[in-house]
Amino acid sequence: MSIYCPDETLQTLVREFQQSQTSLDHQLERVDALLLAYPEDARLHFMRGSTLAGLGRLIEAHQGLSRAVALAPEFAIARFQLGFFQLTSGEADAALDTWGRLDRLDDGHYLRKFVDGLRCLVRDDIQGAVALLRDGVALNQENPPLNHDMQLLADRLIELAPNPGNAAADPNVSETSLILRQFTRPLSKNGDAP
Amino acid sequence: MKAGGSPRGRALAERAAYVEASLWRRLRFENETHCRERLFSRFLTLARALAHREFGRRPPQGLDRGDFEQWAYGGLLEAIDAYDPLRGAAFGAFARHRIRGSIADGAAQASEANAHHAFRSRVEKERLSSVRARGGEDRDDPIRELGDLAAAIAVGLVIETPAPPLSGGYETQAWRDLQLTLEREIERLPDTEGAVIRHHYLAGVSFAQIAQLLGLTKGRISQLHRSALGRIRARLRPDD
Numbered sequence: 001m002s003i004y005c006p007d008e009t010l011q012t013l014v015r016e017f018q019q020s021q022t023s024l025d026h027q028l029e030r031v032d033a034l035l036l037a038y039p040e041d042a043r044l045h046f047m048r049g050s051t052l053a054g055l056g057r058l059i060e061a062h063q064g065l066s067r068a069v070a071l072a073p074e075f076a077i078a079r080f081q082l083g084f085f086q087l088t089s090g091e092a093d094a095a096l097d098t099w100g101r102l103d104r105l106d107d108g109h110y111l112r113k114f115v116d117g118l119r120c121l122v123r124d125d126i127q128g129a130v131a132l133l134r135d136g137v138a139l140n141q142e143n144p145p146l147n148h149d150m151q152l153l154a155d156r157l158i159e160l161a162p163n164p165g166n167a168a169a170d171p172n173v174s175e176t177s178l179i180l181r182q183f184t185r186p187l188s189k190n191g192d193a194p
Numbered sequence: 001m002k003a004g005g006s007p008r009g010r011a012l013a014e015r016a017a018y019v020e021a022s023l024w025r026r027l028r029f030e031n032e033t034h035c036r037e038r039l040f041s042r043f044l045t046l047a048r049a050l051a052h053r054e055f056g057r058r059p060p061q062g063l064d065r066g067d068f069e070q071w072a073y074g075g076l077l078e079a080i081d082a083y084d085p086l087r088g089a090a091f092g093a094f095a096r097h098r099i100r101g102s103i104a105d106g107a108a109q110a111s112e113a114n115a116h117h118a119f120r121s122r123v124e125k126e127r128l129s130s131v132r133a134r135g136g137e138d139r140d141d142p143i144r145e146l147g148d149l150a151a152a153i154a155v156g157l158v159i160e161t162p163a164p165p166l167s168g169g170y171e172t173q174a175w176r177d178l179q180l181t182l183e184r185e186i187e188r189l190p191d192t193e194g195a196v197i198r199h200h201y202l203a204g205v206s207f208a209q210i211a212q213l214l215g216l217t218k219g220r221i222s223q224l225h226r227s228a229l230g231r232i233r234a235r236l237r238p239d240d
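Taken in sequence, the protein lines are chains A and B. According to the working numbering, the stretch in the first sequence is residues 1 to 194, in order. According to the working numbering, the stretch in the second sequence is residues 1 to 240, in order.
Think of the hints as simulated: they come from the structure by calculation, not from any bench. For each residue, glycine too, the CB sits at the ideal point set by N, CA and C. Heads up, some of the hints might be wrong.
Derived contacts from chain B toward chain A, CB cut-off under 7 Å, selection only [to be verified]:
{"id": "1", "residue": "13"}
{"id": "2", "residue": "15"}
{"id": "3", "residue": "25"}
{"id": "4", "residue": "85"}
Partial list, computed: chain B residues near chain A (C-beta under 7 Å) [said to hold, decoys possible]:
{"id": "5", "residue": "10"}
{"id": "6", "residue": "18"}
{"id": "7", "residue": "22"}
{"id": "8", "residue": "189"}
{"id": "9", "residue": "190"}
{"id": "10", "residue": "191"}
{"id": "11", "residue": "194"}
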């Protein structure tokens, strides 16, 4: 018996999940049942991690994504998502480490563009980040949900983009600082800043 | 007065629930003990708000707001140590219960004698003993010792006071400039010294609680406090 879950079983599962025919709790049960039979299958760990993230069980989600990458270091989408999870969690250094291996992908691969865009974000280069995220979205034909997430992030960055006149007024202030100032001002005015 | 670095690009991608989960994971499963302090800072506002609410609901009986804050911080520390992040309950709700309990216990145990030694006098005594604890040759130089004590009092006063009493616009601005200078110096301190100064002066956390928070002895916190004040004082001193 193979240590990997048969492709057909996995495809059926993914179709069911995509059609929202099952609740996230039930999805988790299905994945866990398969993991009992195929504990070394990185794809199942990746699915488990993604489902747990959807349920808000973030510590276990991280564990699932990490396990998937440990089992299959070349599993590019799992590696990308683990890095994105780490960036979202305030662990930018860990994210940069996780993404390092994705540099082996072709320059024109959409994941390379997304990673390079997020690296720009970490460096406060907002314009570079938006441009590369958009490039990635244009190139990505195989993973629409990921395009949706990256497009949302790019849109948010554009929405918060600084007025060029303001940026010129103080060359020592990073673009991000300006963005955050514009973002927080109205909140402070209302007295409900975080 | 608020301490903190400038915002960064990565902050735009962060999500609060993910950041909190990451802190719990690293504290509980990856032995990154500094995450305990970050969680404490994250929920400090909650503890303080509960302390103020409870203070407003009870007759003072000689206690001050600072006493309530100390009990609240104690409750928060207990909550951080007792919380199981895998059980699904949100930490805020869990901590709220513990903090209220800690305040209720503290208020119940506060005796008449304790009331006369309220937080403010205790904290000032604690600071000054920390500065005076310096041994060796400095103890033979009363002028220098007096200077150290005055510096400790001054740092506390500048950090904690929004504006000097009975001041005009110019004095207020000068005071604010001094606060900003101090704020920058606190940012430049080594990590642990900075944590001691921020928690003690900006949040009013006692040395004993900071010791518990950082996993160090109270004596060590006192040393770090002294060393941090010395460092700040040396940096602010004009060149001879």
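Now the hints, each set against the structure:
About 5 Å separates the beta-carbon of residue 13 (chain B) from the nearest beta-carbon of chain A, less than 7 Å, and the hint is met. Satisfaction of the interface hint for residue 15 (chain B) is found here, the shortest Cβ-Cβ separation to chain A being roughly 5 Å, below the 7 Å cut-off. A least Cβ separation of about 5 Å between residue 25 (chain B) and chain A falls short of the 7 Å threshold, and the interface hint therefore holds. For the restraint placing residue 85 (chain B) at the interface with chain A, the shortest Cβ-Cβ distance is roughly 6 Å, inside the 7 Å limit, so the hint holds.
The interface hint given for residue 10 (chain B) is met, as the beta carbon of that residue sits about 4 Å from the closest beta carbon of chain A, less than 7 Å. Proximity of residue 18 (chain B) to chain A holds as hinted, the smallest CB-CB distance being about 4 Å (cut-off 7 Å). The interface hint given for residue 22 (chain B) is met, as the beta carbon of that residue sits about 4 Å from the closest beta carbon of chain A, less than 7 Å. Interface hint status for residue 189 (chain B): violated, as the beta-carbon distance to the closest one in chain A is roughly 22 Å, over 7 Å.
Annotation: residue 190 (chain B) was flagged as interfacial toward chain A, and the flag is violated, the nearest CB pair being 20 Å apart, outside 7 Å. Look at residue 191 (chain B): its Cβ only gets to about 16 Å from chain A, farther than 7 Å, so that hint breaks. Annotation: interface hint on residue 194 (chain B) violated; nearest CB of chain A at approximately 19 Å, more than 7 Å.
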